[in-house]
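Undergrad: Sequence:
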Amino acid sequence: MSRVVPARRRGLADEVADRVRDAIFDGGYALGSQLREVELAEALGVSRGPVREALLRLEREGLVRSEWHRGTTVTALSDVDVAELDSLRAALDGLAVGLVVDRAPETALDAIDAVVRRMERAAGEHEMVRCDLEFHDAVYAAAGHRRLTEAWQAIRSQVHLFLLTRIGVATDGYLAGIPAEHRELVAALRARDRETAVARFAEHRRQAFDVLSGRTG
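Heads up, the sequence shown is in this note's numbering, so the first residue is 3 and it goes up one at a time.
FYI, nobody ran anything at the bench for these hints, they're computed from the structure. None of these values were measured; they are calculated from a predicted model. Just so you know, not all the hints are guaranteed correct.
[Claimed, not checked] Ranges between beta-carbon positions, derived for each pair:
#, residue 1, residue 2, range
1, S80, G29, 36 to 42 Å
2, L97, A189, 18 to 24 Å
3, R158, G126, 17 to 23 Å
4, R158, A189, 31 to 37 Å
5, S80, L58, 19 to 25 Å
6, L58, L33, 43 to 49 Å
7, R67, E17, 41 to 47 Å
8, E108, A25, 35 to 41 Å
Here a beta-carbon is modelled for each residue, glycine too, at the ideal position from N, C-alpha and C.
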């Protein structure tokens, strides 16, 4: 008797989750806005079943929250959420940056550098946020540590929300400043100076954190 069941093909719920996720990341659904199953099903031309399953997947990613009296809403990060994400990123980044400095080949650093060049061509804030995430994807890939990369992927969507929240607070100088910041990060990695590189990445995180910390001030 078989101990496993036949593999399922990628289904409608995956596609619906992708569409809703992209809409959130592109600003189509504002943080805190409500997501109604009926409206999503109608807009996507599917039944409510795949929509319900997709929303459960997005909830596991931390992108949406479901409450009995409010239904499902796009996650709006609280101050506690922001602080927890920042502290967790600090721990993960510290390990990743150290590994990159110690052992990443030049080709991996070239791949990180290529993302910065894409940043310099970003046409808007949402595109820049996507490039920012891709930059950190490249850093974690360069670290060559599978479980570390999996830990990063587990919070990646929430970090995307973090960055969307950041541009929702202030965008003055954002498009001009972000590529330069990341160029400095690449330079620190290429210098193979662990202490300086870790400090530069910490300063990079602190700048975004400070913007969000002062949003209610």
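Undergrad: Hint by hint, which ones does this structure get wrong, listed from lowest number up?
TA: When the structure is compared with the hints, numbers 1, 4, 6 and 7 turn out to be violated.
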